[in-house]
Every structure is written in structure tokens, then in C-alpha cells.
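Visitor: Next come the chains, spelled out residue by residue.
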Amino acid sequence: MSFISNSSNIRRRMLEEIGHEDFEDLIKSIPASLRLKRPLNLADPLSEIELVDAIQQVAGKNKKAVSNFTGGGAYDHFSPAAVDHILLRSEFYTAYTPYQAEVSQGTLQAIYEFQTFISRLTGLPATNASMYDGASALAEAVSLALTKTGRNEALISRSVNPFYMETVKTYLSGRKVKIKSLNIFDGSTDLEDLKAKLSEKTAAIVIQNPNFFGLLEKASELSAFAKEKGALFIIVYDPISLGVLLSPGECGADIAVAEGQCLGIPLNFGGPYLGLFSARQEFVRNIPGRLSGKTRDSKGRFGYVLTLQTREQHIRRERASSNICTNQALCALAATVYLSLLGNSGLEKIGRLCLSKAHYAASKISQLPGYKLKYNAPFFKEFVVETPVSPHRIITRLAGKGIMPGVDIGKYVTGLKGCLMIAVTEKRTRKQIDDLVFELSKFA
Amino acid sequence: MSELYEKLIFDLSSDGHAGISLPHLDVPEIEISDIIPPEFLRKSPPVMPSVSEPDVMRHFVALSRKNHHIDKGFYPLGSCTMKYNPKVNENLAGLREFVDAHPLFPENAVQGTLSLLYELKDLLCEIAGMDSVTLQPAAGAHGEFTALLMIRAYHKKNKRNPNKIILPDSAHGTNPASVVMAGYEVVQIKSNDRGLVDINRLSDHCDDDLAAFMLTNPNTLGLFESEIQKIAHLVHDAGGLLYMDGANLNALLGLARPGDMGFDVVHFNMHKTFSTPHGGGGPGAGALGVKSNLEPFLPVPVVSRKKDRRGDHLYFLDYKRPDTIGRVHSFYGNVANLIRAYCYIKNLGPEGLKEVSETAIVNASYLREKLKDMFELPYDGETMHEFVLSGSRYKARGIKTLDIAKRILDFGIHAPTVYFPLIVSEALMIEPTETESKASLDNFVEVMKTIIGEIESDPEKVKSAPHDTPVSRLDEAMAAREIDICYNE
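Keeping their order, the protein sequence lines are chains D and E. Counting from 1, one number per residue, gives the positions in the first sequence under my numbering. Counting from 1, one number per residue, gives the positions in the second sequence under my numbering.
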């Protein structure tokens with residue numbers, strides 16, 4: 001198969017027309033010693049029929065999940081069919097970054113709407129046109145705080161997603177900065193440890209709310225400590241929770257970041273996802289990535305352009321606020337369509353469904369002998385339970401039946417061996433929850 | 001009236017609508033105030049529009065019609081490799097078994113995805129002549145940054161602490177930005193009068209303090225760096241590593257391999273060379289190929305395989321890598337795009353990939369010859385997959401390259417990349433790719449002739465372009481001055 005629009009005959013004619021006999025004339029600048037003198041050692045091409053067949057077979061080796069209670073930063077939320085139909089329009093998915101604004105108003109207006117949606121959710125007015133994912137969004141947020149405050153320490157709670165913590169550490173490993181962890185007490189950030197570690201050197205305090213274990217953090221209280229020492233307060237949030245829970249802005253966050261996958265984006269084994277990044281207005285000239293701004297055309301009509309580009313790498317080079325160029329625009333469009341479809345009360349309804357179903361599941365499971373809720377604090381849609389046998393055994397056994405019971409959290413967080421973390425979204429039915437409870441009871 | 005639906009979605013709101021239907025609660029309802037203290041609860045709900053599904057569809061379809069896109073017409077953006085995106089890849093990346101796979105599912109439930117990713121690594125190793133690959137970076141710049149952290153870890157392991165990264169003045173802006181993020185110092189060297197790396201200048205900087213040299217090859221002028229072997233010797237002799245920005249890999253498939261040229265590490269832009277769609281700015285997918293010297297430092301997890309008791313391959317995510325730089329992504333990268341890229345490679349095979357690069361080079365060379373007399377050609381070395389012209393001769397008549405770019409839009413064609421690379425004044429960087437037909441290229445030549453004619457006969461028409469686009473020229477200065485990035489009703 002070929003997606004080439006010029007046959008070899010036409011190519012030969014084109015070469016002749018520009019005075020060459022042979023293709024080799026065009027690549028004389030590649031030294032002969034560097035030319036690959038054999039075909040690439042790859043399998044023969046597959047026709048479309050063969051390709052479809054081959055890939056379907058590969059896909060078939062994944063186990064189908066009938067009901068999915070796995071969370072830990074990616075969730076099986078519902079996405080209306082209309083989202084996909086918009087994303088599959090060539091006009092959106094085959095366009096490039098909107099460098100020529102006059103022929104990119106569709107993408108630019110959609111991004112402007114996206115920025116507005118996310119700012120309304122978070123209560124923070126300066127939202128960019130997306131980062132790679134939640135982890136890299138947090139790394140960029142911490143980096144901004146270090147630069148803006150001129151300080152060199154960041155305090156990150158151990159109740160923040162451990163993958164995010166690792167990513168922040170990797171991102172900042174080349175710079176002379178210290179990342180310190182804040183201990184947790186009963187699953188939430190330990191205020192005493194924060195008081196002990198917070199100082200005039202602290203650039204940022206980072207918490208997650210609801211935190212990695214699903215629990216609600218005392219965000220407003222923590223924010224007051226940050227303010228007192230002049231540190232920035234960064235919250236990692238769950239967009240789905242914001243129809244019900246206090247927004248990061250209301251909690252006193254200076255910067256709020258999140259994984260936007262829950263907003264209509266499929267699981268896709270971890271990507272592409274959507275990094276959400278919002279900040280207070282005063283940081284607008286320091287934030288990383290693209291921004292769509294409203295302006296007017298030469299006839300006075302409203303339109304949108306990429307704006308404040310002097311922050312960005314293609315203009316500012318080594319003094320740019322970040323190196324990001326390609327972002328997750330199509331995922332941002334998915335989130336925009338999703339939020340457009342929700343209606344005024346949709347997000348709150350989804351939040352209530354998650355909350356009620358998660359609490360129903362937690363109460364049933366914690367009544368089983370051998371199972372116990374790990375923490376006492378209020379939670380939203382995810383919770384940790386101690387299990388009577390190793391979570392690995394439970395997960396392996398249930399996966400065979402198409403039930404994905406949750407995350408073996410001890411693999412990723414020290415001190416949580418023997419614990420299963422269970423997420424319940426609005427998609428889980430009572431029957432699916434009851435089936436999970438029944439299956440779990442067999443290990444009791 | 002399509003204009004109705006072009007309003008902001010927030011202004012299409014009318015009371016009581018929703019475009020989503022949610023199930024009734026089938027478990028006992030929790031009274032939120034019973035379990036969550038009031039100080040945790042939102043005081044007033046976020047203001048969201050209420051729009052029906054049909055109106056949401058009309059809104060986004062109305063917006064979509066204002067975009068240029070590759071399925072509509074020519075998109076000669078240099079350095080961006082805007083090629084056709086094969087449709088079958090969309091279907092295959094959309095298979096439910098791939099789409100519904102959660103990143104924290106047990107490994108035995110995701111053997112399909114893991115085996116595909118493992119094989120993709122092998123394909124990329126062969127294509128680029130490298131020893132190992134990570135698929136974790138989400139984009140090219142993300143790959144650059146990851147590589148620089150690996151280079152730092154490599155030197156540290158060898159008890160060295162060099163401080164500087166050299167790059168030519170023709171480099172992409174992401175290169176210096178990534179260098180700084182990785183905590184290195186940027187040393188930019190001037191290109192020679194042929195637009196290539198100035199070996200003497202490079203040599204002057206090749207000392208103990210050199211961590212790496214970053215180079216795009218073919219470079220951003222579309223020229224192959226013929227002295228690459230000499231460059232590799234200089235850099236390696238100083239103890240440095242050689243990094244290839246793979247943005248222009250579309251010129252090399254099956255013809256020459258970065259690994260054979262002496263590069264220690266190269267990033268791949270899946271959304272350029274391997275045709276995954278650009279999505280209006282992303283998501284793309286990066287990947288990073290490395291030689292064995294850098295392999296220990298790859299980010300975790302690494303997709304690996306072992307034999308199970310029956311001798312079958314078991315694919316798994318390897319976290320036990322003591323020298324790793326750590327993690328650079330929440331999970332494992334932009335997997336759906338990696339699936340598309342895999343399908344593309346399988347579809348074309350070795351000969352098909354070579355034909356891609358050959359045709360990309362023929363198309364670019366053809367177009368250059370047809371256009372070069374209308375503009376300046378500041379560097380006239382052999383064009384690979386793209387070339388750079390200068391519109392400087394029209395400046396005296398008050399016509400900037402920007403004006404020409406905007407006028408091109410009126411003909412249903414996207415403008416080339418403009419004002420890059422920085423070493424060419426009034427630059428137009430043109431990359432046709434292999435998926436454009438001769439007829440499409442000839443049409444572009446005619447359009448350019450028309451515009452050049454207008455510069456003579458009706459310069460105002462060019463200066464005030466575009467005229468036939470959904471909006472006329474937009475005021476960027478106003479956008480930056482009166483910042484409005486969030487709608488206030």
C-alpha cells in the first residue's frame with residue numbers, strides 16, 4: 001500500500017524536468033559510506049486487509065474488561081458518542097498548530113472555549129491550551145513556582161500521585177533545587193510535618209485534592225500556611241469532582257493542574273491524555289505552552305490568535321517559559337465538547353453518582369470479613385481497602401472474569417502492601433458493584 | 001444561518017438543556033452533607049452552558065469549517081511534515097481492546113498493547129540504526145528533554161560534570177529551551193556560508209566542558225550535514241555525545257540511518273515521519289532511540305519481555321533499572337498514536353518507507369527548482385525533503401514574507417513556515433512531503449506566480465491579505481496588549 005501521490009513514472013518526469021536523470025543525483029550530499037546499502041530489515045508490507053486482520057489479532061490479546069474499578073490517575077468515565085464524532089472530523093484532527101490564525105479559527109475558538117471552561121471549573125482565570133498529561137503539568141507548575149519565587153525548595157505531599165512525584169523529580173533533576181516530601185497521617189498531608197519543613201526557602205507546597213488515595217485534603221488550611229511564608233500553593237485536582245467540591249481557586253491555589261482524561265478521553269493504556277494547567281492572572285506571562293486570545297481582524301470582527309508567544313520556545317529560545325511545542329489540542333477539544341454536552345448541572349450529577357456509588361461499594365466491601373477501609377477521612381470516588389489475601393492474587397483471579405477490581409497500590413506506594421485501591425465511576429452499575437463484592441467475598 | 005452556531009458555546013446556552021443523558025441512581029443516595037463537611041463543598045456551581053446535543057454538534061461543525069487541514073488541501077509547513085494521515089490507522093487505534101485498556105491493568109490483561117509497543121521499539125531501532133528505544137516522550141521536545149537528562153546521567157555515571165550543550169544557530173527553538181530545562185548552558189555556533197555546521201567553530205568549543213552537540217540532520221535548511229562523521233569524531237573525542245533532532249527523519253527512511261552516522265541518541269516525531277495526525281497542535285508522540293551507551297539511563301518503565309514457563313513471550317513493564325533517569329510521563333506515552341505509527345510502518349514495509357523519503361525529496365527538489373527564481377535561495381546545497389527561500393527582494397516594495405504567506409491562504413493553501421530558520425531573513429520554509437501530487441505542486445507554483453505578479457501590479461492586495469478566509473488579517477498586537485484568554489459574560 002502507498003500513500004504517495006506520484007507514481008515512479010511521474011517522479012521520473014519530474015526529475016527530468018528539473019534536469020536530473022537519476023534520483024541518486026539529489027542525494028549526493030549523503031556520503032556513500034553512510035548510505036544504507038541494503039533494504040531495511042523489516043517485514044514485507046501488509047495490505048489494508050492483512051493489516052486490519054493482524055492488528056485485530058494483536059488487540060485480541062488484551063483482556064476485555066466487563067467492569068473496571070481501576071483508577072490511580074486514569075478513570076473509566078462515560079464519554080457521549082458525540083465527542084468522538086467531533087474528534088473524527090478531518091477539519092480538527094488533520095490540522096496543524098494554528099500558526100496561521102485566519103485559517104485556524106475553528107481550533108483557536110475551541111481552545112478559547114476550553115480555556116474558559118477550565119478556568120470556570122478551577123476558579124483560576126489563566127488556563128493554557130494544554131500540557132502532555134497531569135504529571136508533566138505538575139512538573140511545569142513546580143518549575144514556574146521555583147522561577148517566580150526565586151526560591152529553591154518544593155514541598156510535595158506523599159498523598160500526591162506517586163507517578164507525578166517521580167515525574168517532578170525527573171524534570172527538575174538537572175536544576176539546583178530540592179524536592180522534599182511531606183509525610184501523611186491517616187492518608188492525608190500531615191500538618192505538623194508541613195509546619196516543620198516550611199520555610200522562607202519554600203517555593204511551593206503541592207497537594208492533591210481529592211488525594212491519590214481518594215481522600216479530601218484540608219486544602220484551605222494548607223493554603224494559609226503557604227501564604228504566610230510567601231510560597232505558592234499548587235493543587236492537583238480531579239475535574240470530575242468540581243461540580244461538588246470546592247474549586248482549587250476557592251481553596252487558595254495559585255496554580256491548579258490536573259489530568260483531564262476523565263473529561264471524555266478514553267483510557268488508551270495511558271495516553272494521549274490531557275494536562276490541565278491554570279493559574280492566577282498575575283502569572284499569565286510566565287505560564288508554559290499555547291494560549292488562544294481574542295482579538296479583532298482588519299474589518300473589526302472578533303477572532304482568535306495564539307497570543308503572548310514571546311513566552312514560547314520558537315521566539316524566546318533558551319529564555320522560554322518551557323520547551324513545549326506540540327501539545328494535546330485534540331484532547332483539549334474532546335474535553336471542550338464533553339463539557340459543552342454536560343449542561344449546567346451535568347457535572348454535579350456525575351459527581352453525585354460517583355460519590356454515592358463509591359460509598360455504596362465501600363460500605364459493602366468493608367462489611368466483608370477480612371476487608372477494612374484503610375482510612376477514616378471523607379473520600380470522593382476512590383478508596384483504599386485492606387484485603388485478606390494479596391491484592392495481586394485478587395486482581396489476577398478477577399481479571400480472568402473481566403472484572404478489574406482496582407490497583408495493587410502497594411506496588412507504587414510504600415507502606416500500603418496488602419491494600420487494594422478501588423475507583424467507582426458513574427458507569428458502574430449496582431449489579432457490577434454487587435458482583436465485585438460477591439467475588440471479593442470469596443477471598444474472605 | 002451558520003453564524004448563529006459560531007457564537008461562543010456559552011452564548012448558545014438556553015435554560016434546561018443538556019447534551020448528555022445520565023442514568024438514575026441505582027444505589028442508596030448519599031446525602032453529601034452527611035459525609036463531607038461543608039467547608040469542602042463548592043459554594044456555587046461553575047457556570048456551564050446548557051446546550052442540546054444537536055446544537056453542540058452544529059456549533060463544533062460550524063467551527064470546524066473555519067480550519068485548514070490536510071484533507072482539504074496543501075500544507076507546505078516546513079519542519080512540520082504535514083503528510084496525509086491514512087484512515088485505516090484511525091480505525092485500528094480505535095479498536096475497543098486498545099481503547100479500553102487501563103494503564104494500571106495487570107500485565108497479563110494487556111499483552112496485546114505491550115507486544116505491539118515492544119515490536120514498535122524494534123522497528124524504530126532498525127529504521128534509525130539504534131540499539132534501544134523509549135516510547136514514553138509525548139512529543140519531540142519532550143524527547144529532547146528526556147535525552148538531555150539521560151546525557152547528564154551518562155556523564156555523571158562516568159564521573160564527569162560537563163556543563164555545555166552546543167547547537168547551531170539554525171536549530172529549532174525547542175533545542176535551546178530543552179537545554180535550559182535540563183540545567184545545561186547553551187552555546188550557539190554560527191553556521192558556515194553553506195548553511196552547514198562550521199567545523200572550525202565547533203572544534204573551538206569541543207573541550208572538557210562539552211556534554212553534547214545537538215544537530216538536526218538534514219538540518220532546518222533541508223541540507224544534509226555531509227561532514228557528519230567528522231563532527232561525530234570531534235564531539236566524541238572531547239567526551240561529548242551527539243544528539244539528533246529527528247524532526248526531519250522523513251528525508252532518510254531506508255536511505256541512511258542516524259545510528260550509522262555516529263549519533264548516540266535521536267528523537268522521532270511520530271506525528272511527522274510516521275503520519276499520526278497533528279490534531280490541531282497535538283497530541284503527537286515522541287520516541288527516543290539510543291545507542292547501548294545510553295540504554296541504562298532510559299526512563300522507567302521500559303517495555304520488556306521474558307519467557308514464561310511454557311516458553312511463550314510475556315511482555316511486561318520493567319521498573320528495575322537502577323541507572324534510570326526516572327519517569328517523564330504519568331504513564332507510558334501517547335500509546336494510541338504509537339499504535340497508529342506502528343500500523344503505518346507495517347503497512348509500508350521497507351520498500352514503502354524508502355519510497356516515502358525518495359518521493360519527499362523529489363517533490364521538494366522539484367518545487368525548489370520551480371520557485372527559486374521568484375525568490376532568493378540563500379543556501380543552494382542539494383535539497384533533501386524541504387528548502388528555505390527568502391522573500392527579502394520584495395521588502396523594498398513594502399511586501400514582507402508575512403504578507404505573501406497571508407495571501408497564499410486565499411488560494412486554499414496553507415502558508416509555508418515563515419521567519420524560520422532565524423539565519424535566513426524573510427524566510428519561507430517549504431516542505432511538500434511525499435503525499436502531494438505533481439498537480440498539487442504545480443498548482444502551488446501557479447499560485448506563487450500569481451502572487452508575485454500581484455506584488456508588481458497590485459501590492460495593496462498582498463499587503464492586506466487574506467481576503468477570502470473566515471476572518472481577515474488578525475491583530476496579534478492587540479491580543480497581546482489587551483489579554484483576553486477567558487470569556488466573561
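Hint data in this document are derived by calculation from the structure and do not stem from the laboratory. Note that the structure is a prediction, hence the values are computed from the model and not measured. There may be inaccurate statements among the hints.
According to the in silico footprint, chain E covers these stretches of chain D (three or more CB under 8 Å from chain E) [unchecked claim]:
#, stretch
1, 3-16
2, 86-95
3, 178-184
4, 225-236
5, 256-269
6, 339-352
7, 394-403
Glycine included, every Cβ here is placed at the ideal spot set by N, Cα and C.
Visitor: If a hint holds in the structure, say so; if it doesn't, say that too.
Guide: Comparing the hints with the structure gives:
{"no.": "1", "hint": "3-16", "verdict": "holds (count 9)"}
{"no.": "2", "hint": "86-95", "verdict": "holds (count 9)"}
{"no.": "3", "hint": "178-184", "verdict": "violated (count 0)"}
{"no.": "4", "hint": "225-236", "verdict": "violated (count 0)"}
{"no.": "5", "hint": "256-269", "verdict": "holds (count 5)"}
{"no.": "6", "hint": "339-352", "verdict": "holds (count 13)"}
{"no.": "7", "hint": "394-403", "verdict": "holds (count 3)"}
Hint violations for this structure: numbers 3 and 4, all remaining hints satisfied.
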